[in-house]
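Asks: Chains as they are written, first to last, in this note's numbering: chain F, 1 to 114; chain B, 1001 to 1134.
By construction, these hints were calculated from the structure, which means they are not laboratory data.
Treat the hints with care, as some may be off.
Said to hold, decoys possible - Cross-link-like lysine-lysine pairs, in silico, DSSO-like; alpha carbons within 27 Å at most:
#1 K4/F with K41/F
#2 K44/F with K4/F
#3 K1015/B with K85/F
#4 K88/F with K44/F
#5 K88/F with K1056/B
#6 K4/F with K1056/B
#7 K1015/B with K1056/B
#8 K4/F with K79/F
#9 K95/F with K85/F
Unchecked claim - If the Cβ cut is set under 8 Å, some of the chain B residues that face chain F in the computed set are:
#10 R1039
#11 I1062
#12 A1107
To be verified - Computed beta-carbon distance windows for the label pairs:
#13 D89/F with A1090/B: 34 to 44 Å
#14 E1028/B with K44/F: 31 to 41 Å
#15 A1063/B with Q77/F: 15 to 25 Å
#16 E26/F with G1099/B: 18 to 28 Å
#17 F1080/B with S54/F: 24 to 34 Å
#18 A1063/B with G11/F: 47 to 57 Å
#19 R8/F with E1118/B: 25 to 35 Å
Ideal Cβ positions, reconstructed from N, Cα and C, are used throughout, including at glycine.
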Amino acid sequence: MSVKLTTRQVGDVTVIDATGRITLGEGASTFRDMIRDLATKGNKKLLVNLGDVSYIDSSGIGEMVSGFTTVTNHGGQLKLLSLSKRVKDLLQITKLYTVFEVFDDEASAVRSFA
Amino acid sequence: MLLDSTLDSVEVAEKAVLQAAEDIGFGEDELHQLGMAVRESMVNAVVHGNRYNARKKVHVSIAQAPDRLTIIIADEGDGFELTDIPDPLADENLLRQSGRGLLLMRAFVDEFQVRRGEPTGTEVRMVKYLAKAS
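With the rest of the complex left out, here is chain B:
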């Protein structure tokens, strides 16, 4: 899927992932977790990555397997270094208004990777396993 850099795209991606996840048998709680992980990743791509730039797109790939769902969300922004993101669990950061998106994504999927996109941007890869779903 190639989506515009708008908040409407967040809903589109979330809906598509939830449909794919439901098709392979994820339960209600896991659907909620997946939806939240996708939502956070999409918001990052649209808001922080592409910065709502109408010329930039968000690339969303959803791959179903019998035991897992793999989601890749890539933006066309400037990219970022994970080490530049303050730890939202550090005492001095607990009252910060933002910066919890990556934490929530990690918490809600089984595999989580962030890498620089080619030629630019950020690519987030998330995998959730059916068998590991609680």
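One chain only, chain F, in its complex shape:
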């Protein structure tokens, strides 16, 4: 299954709930398109919930980084929520823990944007 993305608002934070796999091909491009669309429409506080993401490959990681850069360049912030151990490991291996703000708890993540 490729990735399925849905958005919801929690105050002024846009939460993107991701489900499935973010891998080369449809999954990664779906993720890229969603982030770019939100950023260009002026959403400046994006929280990507990866709690139901079972698999991310290097292309998926690349799209997350690209999304981070896109949102930052639009004056916004992109943060990550509910990473599985495997995704946390990927961020450790790639040193991207130093780039992304990561939260286990949605309420704390939302508060962090204030």
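Mind docking chain B on chain F? Use the hints.
Replies: This is chain B only, laid out in the frame that chain F set:
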């Protein structure tokens, strides 16, 4: 296995390696790591090596031993020099969109070698040991 230069081949190779690894007793986490290493290597072979060229193939060899699985993935592309690949962990490269595949392959297997193929292309050899599996 001789596979076409398509993304479908990535799935075929990953599935075959995972089956072989499961047969010799790798656990769930190690299967995930192997699958990811194979996936990254196959994507490199199809996308960067053979560049989706329908006339070029990806050669995949899987060798089972009681204590290890050896996987060789070779493409028919132009090849590359490892020294030409920017270090994805360098601060100036952290925000690059691509270039992390080799890093992940290395991280997820016990032995990792890249060499120029004969007569052309790139050959990646990966070994994962059962006993060393965490």
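Asks: Each hint: holds or not?
Replies: Comparing the hints with the structure gives:
no.: 1; hint: K4/F with K41/F; in the structure: holds, 20 Å
no.: 2; hint: K44/F with K4/F; in the structure: holds, 21 Å
no.: 3; hint: K1015/B with K85/F; in the structure: holds, 22 Å
no.: 4; hint: K88/F with K44/F; in the structure: holds, 24 Å
no.: 5; hint: K88/F with K1056/B; in the structure: violated, 36 Å
no.: 6; hint: K4/F with K1056/B; in the structure: violated, 33 Å
no.: 7; hint: K1015/B with K1056/B; in the structure: holds, 21 Å
no.: 8; hint: K4/F with K79/F; in the structure: holds, 18 Å
no.: 9; hint: K95/F with K85/F; in the structure: holds, 15 Å
no.: 10; hint: R1039; in the structure: holds, 6 Å
no.: 11; hint: I1062; in the structure: violated, 20 Å
no.: 12; hint: A1107; in the structure: holds, 5 Å
no.: 13; hint: D89/F with A1090/B: 34 to 44 Å; in the structure: violated, 20 Å
no.: 14; hint: E1028/B with K44/F: 31 to 41 Å; in the structure: holds, 39 Å
no.: 15; hint: A1063/B with Q77/F: 15 to 25 Å; in the structure: violated, 48 Å
no.: 16; hint: E26/F with G1099/B: 18 to 28 Å; in the structure: holds, 22 Å
no.: 17; hint: F1080/B with S54/F: 24 to 34 Å; in the structure: holds, 31 Å
no.: 18; hint: A1063/B with G11/F: 47 to 57 Å; in the structure: holds, 56 Å
no.: 19; hint: R8/F with E1118/B: 25 to 35 Å; in the structure: violated, 55 Å
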